[in-house]
Amino acid sequence: MRQAFKRAMSTAAALGVVAGLMLSGQAPAAESLKIGILGGMAVENGFEAQECLMRDLADRLGLPVTVNAFASGKALHDALIAGEVDVASLSPRAYSALWRASAAAVQPVLAPSGRGGSKGYRAVALSLPQSDITTLDALKGREIGFADHRSLPGYFVPSVALERDGFKTENEVRTVQFSGGHHANLTALESGAIDAAFTWVTDSGKAASDPLQSFKSGTEGSPFVEVWRSSLMPNGPIVLRKALAEDVKQVVTDRMAHIGETAPDCLAAAFGRPITGLFPVDHADYETFIEADLKRISLSVASN
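Numbering (mature numbering (1 follows the signal peptide of the UniProt record, and there is no 0)) for the sequence shown: -29 to -1, 1 to 275.
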């Protein structure tokens, strides 16, 4: 078994509840619930940040709950594939890599709302107010700009999202320009150097890191018109081991969703990431991102 620091919590009611969970017949009843996290701070602090989550799940499941702290994302990745971790919080890229390595290992069930309540981001196409470009079809034969040919939100995500909406930039537009960054891309649009620019916006529209919000900071309204927007690219998911009994999955999902509503700070501390709430997701919500990530990897390999 991979090296990982552990902390366990159990309840006296474990045996009675396990017997009830075995009635489902979906999978053998779990002997414990294993949560995987990253980082040494949890170990140094005696897993105090994970205490509230461990206690809640142990009380509800009647099972021992163990937290395993892994030194690297690769170690957590391998443990999830090996079935040594039942619950983990992953970034979109970490989930993409895990799904490519073993689609049967885990399933996403919830994703966190981050700072400002943002559930993730969306790729958008922007044009100038005086332009006649108001739809994707109007982009045919025009000059468009992306931020960076190496970037997921700056190129790969919007290009794949466009393809899934039936618009292939390689065939439909006259030229594609890579501006070197989101601000430079928006500047190129504002100056008329390109006809449309692709960037991203947060789901809440409040984050200062949102390129469009940063670009128009201090100005009234927006200098651009939005002509297209992708589906949501959700924040990285909380995943469960697929082989867990369905009863256990349901309880864990329900309890974590409840904690997300009533005590999001508990989850933020436990997983070491900004969490202001949780919302339901499944694999389909990440398909565009995974396809974009695979395109990024394929082009990177081809260029070497």
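Calculated from the structure, these hints are not laboratory results. Worth double-checking, as some hints may not be accurate.
What the hints assert, rightly or not - Derived lysine-lysine pairs resembling DSSO-like cross-links, with alpha carbons at most 30 Å apart: (1) Lys213 x Lys266; (2) Lys266 x Lys45; (3) Lys45 x Lys213; (4) Lys266 x Lys139; (5) Lys111 x Lys213; (6) Lys139 x Lys111; (7) Lys220 x Lys111.
Predicted, not measured: the structure shown is a model, and the values here were computed from it.
Violating hint indices (sorted, rising): Per hint list: 5, 7 violated.
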